[in-house]
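Input sequences plus hints: build the corresponding full structure.
Number of protein chains: 2
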Amino acid sequence: MFSHLPQPAFVLVRPQMGENIGAAARAMWNFGLDRMRIVAPRDGWPNPKAVAMASGAGRLLDEAILADDLPAALEDCSFVFATTARPRELVKPVYSPEAAMKLAAQKIKAGEKVAVLFGPERAGLENDDISRANAIISVPVNPEFASLNLGQCVLLTAYEWQRQTQEIADEVIELGKTDWATGHDVEALVSHYESRLDEAGFFFPLTKAAGMKVVFRNMFSRMPLTRADVQMLHGIMRQMVRWRHKNDPGGDGPENGSGNAPEK
Amino acid sequence: MFSHLPQPAFVLVRPQMGENIGAAARAMWNFGLDRMRIVAPRDGWPNPKAVAMASGAGRLLDEAILADDLPAALEDCSFVFATTARPRELVKPVYSPEAAMKLAAQKIKAGEKVAVLFGPERAGLENDDISRANAIISVPVNPEFASLNLGQCVLLTAYEWQRQTQEIADEVIELGKTDWATGHDVEALVSHYESRLDEAGFFFPLTKAAGMKVVFRNMFSRMPLTRADVQMLHGIMRQMVRWRHKNDPGGDGPENGSGNAPEK
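In the order they appear, the protein sequences are chains A and B.
Going by full-length UniProt numbering, the first sequence opens with residue 1, and the numbers climb by one from there.
Going by full-length UniProt numbering, the second sequence opens with residue 1, and the numbers climb by one from there.
Don't read these hints as lab results, they were simulated from the structure.
There may be inaccurate statements among the hints.
Each pair may be met inside one copy or between any two copies, as identical chains are not told apart.
Result set (DMTMM-like, lysine to aspartate or glutamate): computed pairs, CA atoms no more than 20 angstroms apart in a straight line [as the list claims (entries may be wrong)]:
| hint | residue 1 | residue 2 |
| --- | --- | --- |
| 1 | Lys246 | Glu199 |
| 2 | Lys92 | Asp179 |
| 3 | Lys208 | Glu121 |
| 4 | Lys109 | Asp128 |
Structure follows, in structure tokens:
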């Protein structure tokens with residue numbers, strides 16, 4: 001009953017101790033989740049300590065998708081949550097685990113691929129990781145004592161997934177089949193804009209360029225972009241570049257004859 | 001704010017390993033609970049391993065009420081929940097952690113003293129223990145894999161207590177005062193892009209131009225844009241236009257010296 005339902009992928013980003021990877025697998029499987037992805041584990045892979053700790057949930061480790069970096073791990077995902085204890089100054093919507101898993105359930109029911117990122121034990125997710133997420137999950141812990149470890153954070157999120165999907169199991173949610181952009185699409189869009197804007201001298205002064213790029217990436221990853229939006233945004237940039245390279249400043253019309261109307 | 005509220009007592013019944021007692025203290029204090037009772041701990045009391053594991057939550061151990069047996073620990077309690085993985089044949093109401101903590105909150109508000117029992121690591125609560133409870137809490141885990149340990153069971157129950165008693169836990173928390181763009185801002189942005197893209201020949205062929213503008217406007221009005229986003233998007237377009245009007249195609253850097261770093 002449990003594992004055949006569509007479900008979010010839980011992505012462990014640069015996890016350090018094998019024991020914690022194993023504990024995360026157990027926490028997930030307690031609530032019927034079995035799609036684990038692992039990005040650049042510190043001690044390599046496979047990890048015997050993870051296997052020993054996972055015991056009955058070892059299958060999750062065998063089937064885990066290993067990735068070298070976060071963009072590779074998120075290639076097929078259209079909506080990404082990042083868990084963090086301190087939402088800091090990030091301008092992204094912040095959800096409780098409950099609200100996040102409710103939203104995840106709706107999105108998954110509508111055909112989206114959803115991922116939840118969990119950071120490394122000591123430091124948590126970095127700003128660059130978070131810039132690839134659409135929204136934040138923050139567990140509302142005691143402000144005087146926030147000490148959830150990786151396994152506990154996974155446990156609470158998995159628990160809420162199970163709670164939300166049990167509750168909505170009877171409801172019928174018919175969302176239109178929106179063709180959402182995947183992480184891969186957004187990544188390609190950001191790269192396209194970044195390289196052209198670099199050429200055009202947008203990221204200036206140089207000392208602020210790196211920070212500006214994070215702000216820029218954050219903006220696009222926060223937006224609910226469809227594939228058609230992404231196509232249009234690519235088209236806008238392509239046209240601005242074509243226009244720039246045309247010698248006749250007074251001319252108009254694109255250089256190729258295909259036009260810019262989006263497919264949809 | 002947290003610990004001065006009336007709250008249930010969490011009663012560890014014959015706990016075995018000190019580490020688990022410490023982990024339970026941490027789990028409780030993460031969600032603002034600090035009334036621990038301990039019945040006949042296997043390794044005596046105080047327990048240095050419990051203290052080491054509790055770290056920042058050590059106060060809970062110092063203040064824990066120690067009892068020789070369960071009746072002594074429950075002397076002042078008017079309503080008792082027992083946590084168990086297998087509610088078995090017991091003729092008692094069985095609650096999810098959520099429903100149980102909702103009921104606990106109501107009873108505590110009405111002046112009752114509520115306790116929650118957690119059994120020893122290996123075997124869980126015995127029938128004799130459960131016979132002293134008014135109701136059962138059972139976490140709805142995966143029937144194929146039920147492996148919550150003591151600390152995890154305490155964590156989920158404490159989390160639900162906090163959720164039931166904090167109204168905002170259900171809501172999306174908007175961190176900080178996000179400075180959202182107004183309709184006026186978005187309108188100005190769309191006009192700016194439209195007129196420049198018109199110049200650049202983006203809306204082509206002419207027969208489709210009106211439809212494309214609608215799609216374009218829809219895209220921006222659908223996005224959760226902040227003022228900073230709008231500024232950045234204006235800046236991108238301004239820079240592309242400056243670049244286009246520069247005569248030296250190999251040059252780089254913006255023409256004005258102010259740079260493009262967003263305000264925030």
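Here is how each hint holds up against the structure:
Proximity of lysine 246 and glutamate 199 under a CA criterion of 20 angstroms is satisfied in both settings, with 16 angstroms inside one chain copy and 13 angstroms between copies. With identical chains, the CA atoms of lysine 92 and aspartate 179 are at most 20 angstroms apart between copies only, with a shortest distance of 12 angstroms across copies and 22 angstroms within one. Taking the closest pair of Cα atoms, lysine 208 and glutamate 121 never come within 20 angstroms of each other, the shortest separation being 30 angstroms inside a single copy and 53 angstroms across copies. For a Cα distance limit of 20 angstroms, the shortest separation of lysine 109 from aspartate 128 qualifies neither inside one copy, at 29 angstroms, nor across copies, at 45 angstroms.
Taken one by one, the earlier hints fail for this structure at numbers 3 and 4, listed in ascending order.
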